[in-house]
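S.K.: So the chains spell out like this:
2 protein chains.
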Amino acid sequence: MEVNELIREAAKKLETPFLVLDIEQVKKNYIRLKNSMKKVDIFYAVKANSHIEILKALRDLGSSFDVASVGEIDKLLSIGVSPKRMSFGNPIKKEKDIEYAWKLGIEYFSVDSEMEVEKVARRAPGAKVYARIATSSNDSDWPLSGKFGTDIDHVISILKWANRNGLVPYGISFHVGSQSYNKYKWQEAILEASVVFNKLMKNGIELKMLNLGGGIPVKHTKPIPTVEEIGEVVDESIQEYLWKHKDLMIITEPGRSMVGDAGILVSKVILKSRKGAKQWVYLDVGVFHGLMETIENFQYEIQVEGKSYDKTGVFTLAGPTCDSVDTIYEDILLPADIDYEDIVYFINAGAYTVEYGSSFNGIEPPKVYTIDELKELIK
Amino acid sequence: MEVNELIREAAKKLETPFLVLDIEQVKKNYIRLKNSMKKVDIFYAVKANSHIEILKALRDLGSSFDVASVGEIDKLLSIGVSPKRMSFGNPIKKEKDIEYAWKLGIEYFSVDSEMEVEKVARRAPGAKVYARIATSSNDSDWPLSGKFGTDIDHVISILKWANRNGLVPYGISFHVGSQSYNKYKWQEAILEASVVFNKLMKNGIELKMLNLGGGIPVKHTKPIPTVEEIGEVVDESIQEYLWKHKDLMIITEPGRSMVGDAGILVSKVILKSRKGAKQWVYLDVGVFHGLMETIENFQYEIQVEGKSYDKTGVFTLAGPTCDSVDTIYEDILLPADIDYEDIVYFINAGAYTVEYGSSFNGIEPPKVYTIDELKELIK
Chain L
0 MEVNELIREA AKKLETPFLV LDIEQVKKNY IRLKNSMKKV DIFYAVKANS HIEILKALRD
60 LGSSFDVASV GEIDKLLSIG VSPKRMSFGN PIKKEKDIEY AWKLGIEYFS VDSEMEVEKV
120 ARRAPGAKVY ARIATSSNDS DWPLSGKFGT DIDHVISILK WANRNGLVPY GISFHVGSQS
180 YNKYKWQEAI LEASVVFNKL MKNGIELKML NLGGGIPVKH TKPIPTVEEI GEVVDESIQE
240 YLWKHKDLMI ITEPGRSMVG DAGILVSKVI LKSRKGAKQW VYLDVGVFHG LMETIENFQY
300 EIQVEGKSYD KTGVFTLAGP TCDSVDTIYE DILLPADIDY EDIVYFINAG AYTVEYGSSF
360 NGIEPPKVYT IDELKELIK
Chain C
0 MEVNELIREA AKKLETPFLV LDIEQVKKNY IRLKNSMKKV DIFYAVKANS HIEILKALRD
60 LGSSFDVASV GEIDKLLSIG VSPKRMSFGN PIKKEKDIEY AWKLGIEYFS VDSEMEVEKV
120 ARRAPGAKVY ARIATSSNDS DWPLSGKFGT DIDHVISILK WANRNGLVPY GISFHVGSQS
180 YNKYKWQEAI LEASVVFNKL MKNGIELKML NLGGGIPVKH TKPIPTVEEI GEVVDESIQE
240 YLWKHKDLMI ITEPGRSMVG DAGILVSKVI LKSRKGAKQW VYLDVGVFHG LMETIENFQY
300 EIQVEGKSYD KTGVFTLAGP TCDSVDTIYE DILLPADIDY EDIVYFINAG AYTVEYGSSF
360 NGIEPPKVYT IDELKELIK
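Residue numbers (numbering that gives the first Met the number 0), protein chains in the order written: chain L, 0 to 378; chain C, 0 to 378.
Bound conformation, chain L alone:
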């Protein structure tokens, strides 16, 4: 998503910081992914951005949803999404939440441990469970392995355990890591999944679902594979490694790739100073109010209204709170003439920004406006 005249005008007229959401871009992303992976059902990962207009747009396009909590389930129910279109994708669930989901009619539950199998068996007897393989995701910004997923042998024994506990061992999921840069990671993961499929088939257990997880990247500062390229790799890998398994349900759980490039975070310089050899620029938005991912070194493209990168300087960019952790980037290049009250755009900030927002230090998270709302506001 590009900074356009509407956003420029809004940045001048409205109080910053705010996040602009382009719902049309979300729709485009959905349709493009759907076209790139025709046989794949899309379960949007609500955690990336749970703004109600995003959820409604995806609902209307026929998307399903990957949920992680009762809070997310209830938000979807409130806009009439059927539980049949939800998958409880968090392998760390409270038992009472499992029961709540099951009684509503949610069918699919994620597991990656024996204990989680037992919890699901107690509260959702007969549910379909899928187990998560931990992939080696060193080509991604967030290697999610470790906390989630486990090795192939363990996945096999978990699904057998599910079977013995009266659940339906239904499928395999993996996650190549959020913001993955290597399309062949999907091939590797599908190959690994096929090992589980085949071994369990020999044990009389026929899995029905392959869950590709998320991880499709959004363009920030590094080059990325396209959705179409990833779709091709996925399609070929399924044909090559899973041809024995007919009528597979194939799903994916995109988060960042649905909404990342549908948002721009608009902020303002509220202070510039020099301390010793260092130049500091302070914004009215920071780590605790939307830019949490920067402390894990996520690199946003930053644009400064009216200023160019032809001449740059080295700056430390920080947020407005009385907290040293609220330092966005140390020693980054910004236009040399960046100055007080300049408008600063964080491009492609639609995912995992306001969702992490707190009210720390008495400062509210950025307001969120859709393009339509913005048009109304500055009319």
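A couple of the hints might just be wrong.
Heads up, simulated DSS-like pairs for lysine-lysine below, C-alpha to C-alpha not over 27 Å straight-line [unchecked claim]:
#1 95(L) - 310(C)
#2 218(C) - 55(C)
#3 95(L) - 218(C)
With the C-beta cut set under 10 Å, the calculated list includes, among others, these residues of chain L facing chain C [claimed, not checked]:
#4 117
#5 133
#6 273
#7 275
#8 313
What the simulated footprint calls covered on chain L by chain C, stretch by stretch (three residues with Cβ under 8 Å from a Cβ of chain C suffice, anywhere in the stretch; the number is not a length) [to be verified]:
#9 100-114
#10 315-327
Hints are computed from structural coordinates only; laboratory data are not their basis. Even for Gly, the Cβ is constructed at its ideal location relative to N, Cα and C.
Following the hints, position chain C against chain L.
M.R.: The following block gives chain C in isolation, referenced to the frame of chain L:
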């Protein structure tokens, strides 16, 4: 603050996670600090915990308040705290917030750059400003220097600049770093402050205020100096280095030391699993819902109800969200027999916990109960 029978009973009866606040402990901390530093005015740093009962208790004891935003100012106004008892201690302020504060009657403003001086001069002409020295705070858990404060020569020129811009150059602040372990850091900082006092006196500028900042530590896992010991060092250092400057207003901005040991975060194990060689324990509270400081490696004392540390195991402790950053501690020692549904207490978690809480992943931050509320709830 210790886990007592009331908290134990509440942990069994109420839904976790929740934070218990002992307001009596806050009062004790205030009185103890006041007694240790008799000539010092206490400005409670609201950001540490802005719970309304804490603010009311401190108001009633005569505390003043260090505020960082309009949000914090408004919260204090709502309980009748006079703006005369507030200091705007954030050196990164929005201009309109400066004006708002000044018009309300707030007198003291923090600055650590020329530009901030100019902003205050425009919106709060005639205000009293204090400038912050960056101290070398390598004996603390959070060395706050870098983002805040600047060197001695710069502080002098900033205060001269304030003078030329029609402000009252009023004082010097420093901050030895949050959770400081070395009491002589206060001595060093007061010595540095005295250099500024003396140099400015030669220029005809008489400073009136010494702001000791915060940094008084709370007992977690490392040994700490007591408030009394720190008070003694402060007292001696002021007599030794600042004796020329009569009728000094001396203030301190405690946050963690007022509320840190007045809170216990109560959570539950919702999953235990083994992955490869690693054992994982997942709680119903995590980094995004109260334990943010653990990702900066803050070490809480952790107790597990009914389990002892006589036999320990190495575990990775993680929160409940679908986010790998939500990993509290890697490879820590916990009771070897920690298990599903065990109650886990984070001791001395009254500061900087729920204040950072978000609603990420559809999960609400922990509820907060005072001891009195808890008694009512489990009656």
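S.K.: Evaluate each hint against the coordinates.
M.R.: Hint-by-hint comparison with the structure:
| no. | hint | verdict |
| --- | --- | --- |
| 1 | 95(L) - 310(C) | 31 Å, violated |
| 2 | 218(C) - 55(C) | 25 Å, holds |
| 3 | 95(L) - 218(C) | 36 Å, violated |
| 4 | 117 | 9 Å, holds |
| 5 | 133 | 7 Å, holds |
| 6 | 273 | 8 Å, holds |
| 7 | 275 | 6 Å, holds |
| 8 | 313 | 15 Å, violated |
| 9 | 100-114 | holds (count 4) |
| 10 | 315-327 | holds (count 10) |
Taken one by one, the earlier hints fail for this structure at numbers 1, 3, 8, listed in ascending order.
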